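Asker: Chains A and B supply the protein sequences, listed in that same order. Residues in the first sequence are numbered from 534 upward in steps of one, following my numbering. Residues in the second sequence are numbered from 534 upward in steps of one, following my numbering.
None of these hints come from the bench; they were simulated from the model. The model shown is predicted, which means the values in this text are computed figures rather than measured ones.
Identical copies look the same in the list; a pair holds intra-copy or inter-copy alike.
Cut-off 27 Å, straight-line C-alpha distance, at most; resulting in silico cross-link-like pairs (DSSO-like, lysine-lysine):
(1) LYS658 - LYS634
(2) LYS712 - LYS795
(3) LYS734 - LYS877
(4) LYS658 - LYS794
(5) LYS731 - LYS757
(6) LYS634 - LYS712
(7) LYS613 - LYS658
(8) LYS797 - LYS859
Protein chains: 2
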Amino acid sequence: MPTIDGVESILVTGGAGYIGSHTVVELLEKGYHVVVLDNCINAVKGPDGIAESVRKVEEITGKSVPFYGIDLLDVDGLRKMFLECNFSCVIHMASLKAVGKSQEMPLTYYHNNLTGSLNLISMMKEFGVTNLIFSSSATVYGERHELPMVETHPTGQNITNSYGRTKYFLEQIFKDIQKVEGWNVIMLRYFNPVGAHKSGKIGENPIGVPENLMPYTAQVAIGKRPELRVFGNDYDTKDGTGARDYIHVLDLAAGHVAALKKIKENCGLKIYNLGTGVSYTVLEMVAAFEKASGKEIKYKICPRRSGDVDTLLGDPSLAAKELGWKATRGLKEMCEDVWRWQSKNPEGFTSQ
Amino acid sequence: MPTIDGVESILVTGGAGYIGSHTVVELLEKGYHVVVLDNCINAVKGPDGIAESVRKVEEITGKSVPFYGIDLLDVDGLRKMFLECNFSCVIHMASLKAVGKSQEMPLTYYHNNLTGSLNLISMMKEFGVTNLIFSSSATVYGERHELPMVETHPTGQNITNSYGRTKYFLEQIFKDIQKVEGWNVIMLRYFNPVGAHKSGKIGENPIGVPENLMPYTAQVAIGKRPELRVFGNDYDTKDGTGARDYIHVLDLAAGHVAALKKIKENCGLKIYNLGTGVSYTVLEMVAAFEKASGKEIKYKICPRRSGDVDTLLGDPSLAAKELGWKATRGLKEMCEDVWRWQSKNPEGFTSQ
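All chains should be built: construct the whole structure from the sequences, respecting the hints.
Answerer: Shown next as structure tokens:
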């Protein structure tokens with residue numbers, strides 16, 4: 534693999550995002566050189582155009598992170614970056630990711646996620662970069678499935694939203710390309726990331742109204758929003774509210790480092806669930822968050838939200854076996870870490 | 534719908550291709566104004582950059598056809614065309630379409646077919662063109678399916694090649710976009726087009742070695758190739774060779790005119806099989822072609838070809854009911870028309 538002074542250089546697309554920024558910290562701490570590409574559509578930028586989250590990552594690690602504020606639809610910008618850098622692997626996280634919004638603006642989602650990824654892959658091919666770690670999602674398993682979800686289960690049927698379809702399509706595309714090009718491709722099917730870095734300097738920072746439970750709950754706790762809306766209490770779960778396999782973002786970040794090691798074995802195509810194997814309902818999460826924050830979380834029950842499923846629960850045993858990776862952080866720690874981030878940064882990232 | 538001097542203007546992408554050129558003739562004869570976009574990757578161009586097939590279409594109809602020799606990946610070129618024209622409907626046929634090649638170069642197929650289509654759709658949205666007829670394929674039904682295939686059958690499972698996946702993905706994408714944008718979108722699932730125009734001036738004109746049975750057979754008949762390779766004789770069909778629902782390209786062309794009429798009813802989303810409801814095996818086709826051409830067709834049995842299925846057979850009754858359209862031309866006519874085209878043009882289109 535190409536290195537700079539003996540250190541491998543990893544491109545992280547979407548590296549200014551929530552999962553991205555935590556993964557970049559983990560990579561830097563493990564000694565990798567990291568370049569971040571991010572269009573900052575969902576990130577706060579400083580006056581110099583650099584994402585605040587990336588600046589915080591530099592603060593946490595004491596290392597510098599070259600930052601390209603470009604969009605994957607910008608082929609010229611992309612080529613310029615590939616000319617300037619020499620990547621051993623691409624971790625491709627960049628994606629529009631709001632399930633609800635994807636139903637309102639499917640063309641934007643398809644264009645951004647599919648065309649953007651195809652531009653990236655074309656550039657990797659042009660520059661001989663043959664290692665890819667792709668951020669897939671448990672959504673690819675669709676609505677009707679056995680639980681827990683296992684990597685060998687069928688995918689692509691009854692996916693309830695355009696966002697999920699972009700992830701499913703990209704999995705298929707990368708499989709076809711891997712087969713022909715002989716690349717190493719690891720697709721990581723994320724379950725529901727929550728939590729934040731221990732420093733309280735980086736965390737999930739939704740722009741506008743949060744679509745995910747945890748940041749919404751945290752904003753209620755801090756007094757920014759009056760109450761939590763719980764979408765549906767008639768699901769087939771223990772208390773009727775949706776159940777998810779929540780995973781601490783630091784565990785998820787560690788999963789990427791484990792995948793990078795696997796890539797070095799010339800692993801070919803691999804697919805792994807990154808989850809905990811345990812699910813919690815919305816109301817369980819709310820109770821845990823009340824305890825961690827010492828705040829009361831008001832909520833009201835609302836109708837189900839289009840595109841949601843009752844339960845997501847992954848079997849993480851393949852990743853344990855082949856990557857030697859396991860999620861180690863529990864619900865209490867997830868909530869405490871979110872609360873630290875939220876209470877230290879009531880307005881999230883702010884432009885300095 | 535926008536018109537030019539009271540005549541509707543239709544954009545046909547891929548209009549220089551086999552199905553495209555026949556459809557353009559049919560549209561012109563029904564009084565539509567037609568603009569053709571084609572990158573001519575699979576077409577022969579004259580010294581002025583215009584596709585020979587389009588020139589022949591003008592010869593047949595006595596009408597002129599504005600031609601844009603641009604690629605759907607060329608966003609600037611695309612925008613320029615949309616600025617110059619005022620389309621009432623887009624018939625989107627442009628596609629890389631060789632099943633075998635799609636397995637060898639999936640990235641090229643995905644980039645061309647998906648990104649190209651998303652560019653086109655973005656441009657339609659930008660310019661307020663809200664009617665789309667899309668060339669889909671029976672391939673979307675996948676490998677395991679009930680026969681005959683009905684539009685309500687599940688799609689997307691066990692699709693054996695990247696070409697087929699691009700068609701399936703695009704169907705899903707157009708469905709999502711139609712739902713939100715409220716466009717009229719008709720997706721036509723083609724079975725296996727064969728035949729040629731009665732004039733003998735246009736027909737299927739593969740560049741290099743033909744991938745489809747009929748043009749290959751015709752090239753054997755004319756002496757350009759020594760023998761036909763029959764891929765597999767152990768399929769579950771009456772004689773073991775693959776069976777297909779062959780449809781005369783003139784019937785297919787008429788299906789598009791029927792779809793255009795349907796679009797005017799503000800039909801929303803519609804999906805129709807365009808097939809005959811009858812299938813013939815490779816050996817039946819060969820026998821019919823020998824009869825039509827008076828030539829012996831030598832063949833040898835070869836191993837199955839990756840990505841092929843045993844039988845494709847469509848139920849065309851929905852198109853009959855809702856479009857008032859039916860295929861009327863039989864096997865004999867298909868073979869006679871191909872033979873006329875092939876014997877009049879042993880080298881296919883040639884640059885003049």
